[in-house]
Amino acid sequence: MSTSTQRDLERSHWSGPTRRYDIVKEGVIATVVVAVLVVILAMVFSSPDDPSLTFRGWAKDMPDDLYVTTVAELAGTSESATYGPPYNDGGDGQVLGPIMLQKWVGVHQPIDPANDFVITPLSTQEQPADVASALGDWTGASADQQAAWATAYDTALNDPAGADGDATKVPDGDYGPVPTLATGLVAMAASGALDGVLPSAGDFYTTNTTKQIMFFGDGGYLDAAGTANNLQGNTWGMMNETGNFPGQQWLAPFSLWYNLPFFNSEAESGFSATATANGDIYIMAIITVMVLLLLFLPFIPGLRAIPRLIPVHRLIWRQYYRSRAR
Amino acid sequence: MSATATRGDHAVPPETWIGRLRGRMEETLPYDKLLPERQPSYVASWIYVFGVLTLAALAMIIASGVVLSLQGPAWYHLSSTGLFVNSLHFWSVQLFFMFMTIHLIGKFWMAAWRGNRAKTWISGVLCFLVAIGAGLTGYVLQTNFDSQWIAFEAKDGLNAVGVGAWFNVADLGQMMLMHVFLLPAVIAVLVVIHVLLVRVHGVVPPLDAARVDEIRAGSASDGGAR
Amino acid sequence: MGFTTLIPTDAATYLTWGWVSVSVPNLIAILVTLALLVLAVLLPFPTDRDHSEDDS
Numbered sequence: 010m011s012t013s014t015q016r017d018l019e020r021s022h023w024s025g026p027t028r029r030y031d032i033v034k035e036g037v038i039a040t041v042v043v044a045v046l047v048v049i050l051a052m053v054f055s056s057p058d059d060p061s062l063t064f065r066g067w068a069k070d071m072p073d074d075l076y077v078t079t080v081a082e083l084a085g086t087s088e089s090a091t092y093g094p095p096y097n098d099g100g101d102g103q104v105l106g107p108i109m110l111q112k113w114v115g116v117h118q119p120i121d122p123a124n125d126f127v128i129t130p131l132s133t134q135e136q137p138a139d140v141a142s143a144l145g146d147w148t149g150a151s152a153d154q155q156a157a158w159a160t161a162y163d164t165a166l167n168d169p170a171g172a173d174g175d176a177t178k179v180p181d182g183d184y185g186p187v188p189t190l191a192t193g194l195v196a197m198a199a200s201g202a203l204d205g206v207l208p209s210a211g212d213f214y215t216t217n218t219t220k221q222i223m224f225f226g227d228g229g230y231l232d233a234a235g236t237a238n239n240l241q242g243n244t245w246g247m248m249n250e251t252g253n254f255p256g257q258q259w260l261a262p263f264s265l266w267y268n269l270p271f272f273n274s275e276a277e278s279g280f281s282a283t284a285t286a287n288g289d290i291y292i293m294a295i296i297t298v299m300v301l302l303l304l305f306l307p308f309i310p311g312l313r314a315i316p317r318l319i320p321v322h323r324l325i326w327r328q329y330y331r332s333r334a335r
Numbered sequence: 025m026s027a028t029a030t031r032g033d034h035a036v037p038p039e040t041w042i043g044r045l046r047g048r049m050e051e052t053l054p055y056d057k058l059l060p061e062r063q064p065s066y067v068a069s070w071i072y073v074f075g076v077l078t079l080a081a082l083a084m085i086i087a088s089g090v091v092l093s094l095q096g097p098a099w100y101h102l103s104s105t106g107l108f109v110n111s112l113h114f115w116s117v118q119l120f121f122m123f124m125t126i127h128l129i130g131k132f133w134m135a136a137w138r139g140n141r142a143k144t145w146i147s148g149v150l151c152f153l154v155a156i157g158a159g160l161t162g163y164v165l166q167t168n169f170d171s172q173w174i175a176f177e178a179k180d181g182l183n184a185v186g187v188g189a190w191f192n193v194a195d196l197g198q199m200m201l202m203h204v205f206l207l208p209a210v211i212a213v214l215v216v217i218h219v220l221l222v223r224v225h226g227v228v229p230p231l232d233a234a235r236v237d238e239i240r241a242g243s244a245s246d247g248g249a250r
Numbered sequence: 036m037g038f039t040t041l042i043p044t045d046a047a048t049y050l051t052w053g054w055v056s057v058s059v060p061n062l063i064a065i066l067v068t069l070a071l072l073v074l075a076v077l078l079p080f081p082t083d084r085d086h087s088e089d090d091s
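So the protein lines, in turn, are chains U, H and L.
Sequence positions in the first sequence follow the numbering used here and run 10 to 335.
Sequence positions in the second sequence follow the numbering used here and run 25 to 250.
Sequence positions in the third sequence follow the numbering used here and run 36 to 91.
Source of the hints: derived by calculation from the structure; they are not laboratory data.
Treat each hint with caution, since some may be false.
[What the hints assert, rightly or not] Lysine-lysine pairs mimicking DSS-like chemistry, simulated, CA-CA at most 30 Å apart:
{"#": "1", "chain 1": "H", "residue 1": "LYS57", "chain 2": "H", "residue 2": "LYS143"}
{"#": "2", "chain 1": "U", "residue 1": "LYS69", "chain 2": "U", "residue 2": "LYS178"}
{"#": "3", "chain 1": "H", "residue 1": "LYS57", "chain 2": "U", "residue 2": "LYS34"}
{"#": "4", "chain 1": "H", "residue 1": "LYS143", "chain 2": "U", "residue 2": "LYS34"}
[Stated by the list, open to error] Computed spacing ranges between beta-carbons, pair by pair:
{"#": "5", "chain 1": "L", "residue 1": "ALA46", "chain 2": "U", "residue 2": "PRO262", "range": "21 to 29 Å"}
{"#": "6", "chain 1": "U", "residue 1": "VAL53", "chain 2": "L", "residue 2": "ALA70", "range": "16 to 24 Å"}
{"#": "7", "chain 1": "U", "residue 1": "ASP183", "chain 2": "H", "residue 2": "PHE205", "range": "51 to 59 Å"}
{"#": "8", "chain 1": "H", "residue 1": "PRO38", "chain 2": "L", "residue 2": "VAL73", "range": "47 to 55 Å"}
{"#": "9", "chain 1": "H", "residue 1": "TRP190", "chain 2": "L", "residue 2": "TYR49", "range": "30 to 38 Å"}
{"#": "10", "chain 1": "U", "residue 1": "SER13", "chain 2": "H", "residue 2": "PRO38", "range": "29 to 37 Å"}
{"#": "11", "chain 1": "H", "residue 1": "THR40", "chain 2": "U", "residue 2": "LEU302", "range": "42 to 50 Å"}
{"#": "12", "chain 1": "H", "residue 1": "GLU50", "chain 2": "U", "residue 2": "VAL33", "range": "16 to 24 Å"}
{"#": "13", "chain 1": "U", "residue 1": "LEU301", "chain 2": "H", "residue 2": "TRP190", "range": "16 to 24 Å"}
{"#": "14", "chain 1": "U", "residue 1": "ILE315", "chain 2": "H", "residue 2": "MET49", "range": "34 to 42 Å"}
{"#": "15", "chain 1": "H", "residue 1": "ILE86", "chain 2": "U", "residue 2": "ARG29", "range": "25 to 33 Å"}
{"#": "16", "chain 1": "L", "residue 1": "VAL73", "chain 2": "U", "residue 2": "GLY279", "range": "40 to 48 Å"}
[Unchecked claim] Computed, partial: chain L to chain H, Cβ under 8 Å:
{"#": "17", "residue": "THR68"}
{"#": "18", "residue": "ALA75"}
{"#": "19", "residue": "LEU78"}
Keep in mind the model is a prediction, meaning the values are calculated, not measured.
Even glycine gets a Cβ: it sits at the ideal position worked out from N, Cα and C.
Isolated chain U (complex conformation) (with noise of 0.2 Å):
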C-alpha cells in the first residue's frame, strides 16, 4: 500500500467514483422519521416530574432531623459552614495534591449558614414570645457567647452516648437561646413561612436558590430523597433519572468513577481517605484527561491507530472495497 498515495488521497477532492446522494432530501426525511418517533415516546411514557421538596415538608415528614439541622447551623458544625469556598472560610475546600483551586478562587457566594438560614427567617416574622426572646438573647450576645452556646448545645444533641439526635434526652447545660431558636425555626418551616422568606428576606425578586439547596443538602430530608430514588453518586446515580424514565446514560463514564471503592473508602487515612475525601476535584482531573485524549485523537498514537487496528471499516466500506476490486 502506498501511504503516501492514500494521503493525497484523503487530502485532495474525490475524483474517483461517485454516486447520487440527496443530503437535503436526507435531511428532510430524518427530521420527519425524528419528529414522528419524539411525538410518539412522548405520547406513550411522558416524562418526570417528581415534585419539589420544601422546608415544610422537611418539618412535617422529619422534624428532628430539620431540629438537630438548625443546631448544627447555629454552632457552624454543618456542612455548609465548614464547606469553604466559595461559601465562606469554614474550610479550604478539596485539594488535589499543591492545586487547591477551590480555595485560590476564593468567597464570591457568601453565606454565613447561623445568620442566613436560621436567625435572619426567624427575624422577618412575628415570633411567639420564647422565639422572640430567644433571638433578643441570641443578636445581643457576643459572638463568642453565641460560640459556646451552640457548641455546647451541638455536641451534647449529637453525643453517640448520649442524646443522639433527641432533643428530650439532652442533659441540663448553658445552651442559652440555641433550643428555642431550634424549634422556632421548625416550627416556623411547618407553616410554610420558612419556604418563602429563606430565599430572599426582605426582598421581592429572587431566583437565586443556593441558600435553600445548602440548607436542605445539611439534613437527611433531600438526602434519604434522592436515595430513595436511586440518585446517589456511589449508585450511579449522576445516570438515573426519578420514576421508571432513562437517565444520562452518557455520563456513564463519568459517573463510573464515583462508583469505585477507591473513592469511598471508609479509611481514616492513606491515600484511598485522601482521595475519598477530595473525590470531586480527583475525578475532575480524570475526566479532564479522558475529554483532552478525545478531543485530540486525531493526534494521539496509538489510540488514533485502533481504527486500522480492528477494522471495522472493511464492513462499512464494504460496497466500495468490492466494487473496486472489480
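Fit chains H and L to the known structure of chain U by using the hints.
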C-alpha cells in the same frame, strides 16, 4: 474561479476586504461543494445517516424548547399540554445523545480525522461537550425534585475546580439564560462550523482506498503495480 | 407546593451486579444504541442505480 472584478475585458483582483473575503469563500466552498448532488461512491452505509439524525433531533430539541420558553419554567407542572411539550423536549434529548454517540463511534472507526480533518473531529467533540453542559443547565431548570438534587450534587464538582464560584447551578436565573440563550447559540455556531468543515473537506475516503484502487489498476492491466 | 412523600411510587427497577447498577430504562437505551450501531454497519445500503465510473 476567483472573485475578480472586471473592468471591460480585464479581470481585476479584488482590492476591497469584502472582495477578498468573497474570493476566499468562493475558493474554499463554492456552491456546488456546499450543496452537491453527488457523493463519493464509498458513502454507502447506514452509519452515515447518524450525523443528520443528530441534527434532526437537535431541531426537535430547539422547537420543543421554544414552546417551553414561551410559557415559562413552571408551565409544564400545571398543564397537560405543557407536560406533553416537556415530554417532546425530554425524548428529543434522549434521541439526540443516542444518535450523536452512534455518530461519534462510527466516525472513530472510520478514522474520520484523516486528510486534514482534525478540526472537523475537534469541533464535533466540542459540540458533544457543550451539549452536555446544555443538558446540565436544562436539568437544573426543571423546578422539581430532580433539579434540586442535581443542583445539590453538581455544585460539588464545579466548586472543587473553582468554576462553581461563578457558574452557580442553584441560580435559576443564570442557568435559565445559559440554557435558553447562551449555550444553544454556542452549539449552533459549533454545529455550523462542523457541518461546513465536512462540506469543505468532503467525506473522508476509506482507510484502504489507495490500496484498493491500486489492486484495480493492477487487475485492469497485466503486470500492474502489485 | 404541597408535601411530597419520600418513597417514590413510580421508581424504575434496578439491575445490580456487585458495584455495577443500572436502571432498566437506561439499559434499554444503551442496548438500543448498540443495536442501532451494529445494524447501521451491517445492514446493506441501497446501491446507486445511476452509478457512474470515475467521474469528477
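Verification of the hints:
Only pairs whose Cα atoms come within 30 Å are accepted, and H:LYS57 paired with H:LYS143 is accepted, the gap being roughly 18 Å. For the hint linking U:LYS69 to U:LYS178, the alpha-carbon distance of about 21 Å falls within 30 Å, and the restraint holds. A C-alpha spacing of about 16 Å is found between H:LYS57 and U:LYS34, which places the hinted pair at or below 30 Å, so the restraint holds. Proposed proximity of H:LYS143 and U:LYS34 is supported: the alpha carbons are some 27 Å apart, at most 30 Å.
One distance hint, 21 to 29 Å for the beta-carbon pair L:ALA46 and U:PRO262, holds here, with the actual separation near 25 Å. Here the CB-CB span from U:VAL53 to L:ALA70 is close to 19 Å, well matched to the stated 16 to 24 Å. Evaluation of the 51 to 59 Å hint for U:ASP183 and H:PHE205 yields a pass: the beta carbon distance comes to about 55 Å. The given range of 47 to 55 Å is respected by H:PRO38 and L:VAL73, whose C-beta atoms sit roughly 52 Å from each other.
Checking the proposed 30 to 38 Å range against H:TRP190 and L:TYR49 shows it holds: the Cβ atoms sit about 36 Å from each other. Separation of U:SER13 from H:PRO38 is about 36 Å and conforms to the stated range, judged on CB atoms against 29 to 37 Å. Separation of H:THR40 from U:LEU302 is about 44 Å and conforms to the stated range, judged on CB atoms against 42 to 50 Å. Judged by the Cβ atoms, the range 16 to 24 Å given for H:GLU50 and U:VAL33 holds: they are separated by roughly 21 Å.
Restraint check, U:LEU301 to H:TRP190: a C-beta distance of roughly 22 Å satisfies the suggested window 16 to 24 Å. At about 36 Å, the beta-carbon gap between U:ILE315 and H:MET49 stays in the expected band of 34 to 42 Å. For H:ILE86 paired with U:ARG29, a C-beta distance near 30 Å keeps the hint of 25 to 33 Å intact. Range check, L:VAL73 to U:GLY279: about 44 Å between beta-carbon atoms, so the 40 to 48 Å window is met.
With 8 Å as the threshold, the beta carbon of L:THR68 comes within range of chain H, its nearest partner Cβ sitting at about 5 Å, so the hint holds. Interface restraint check for L:ALA75: the shortest CB-CB distance to chain H comes to about 4 Å, inside 8 Å, so the restraint holds. The beta carbon of L:LEU78 comes within 5 Å of a beta carbon in chain H, closer than 8 Å, and the hint placing it at the interface holds.
Hint violations for this structure: none, all hints satisfied.
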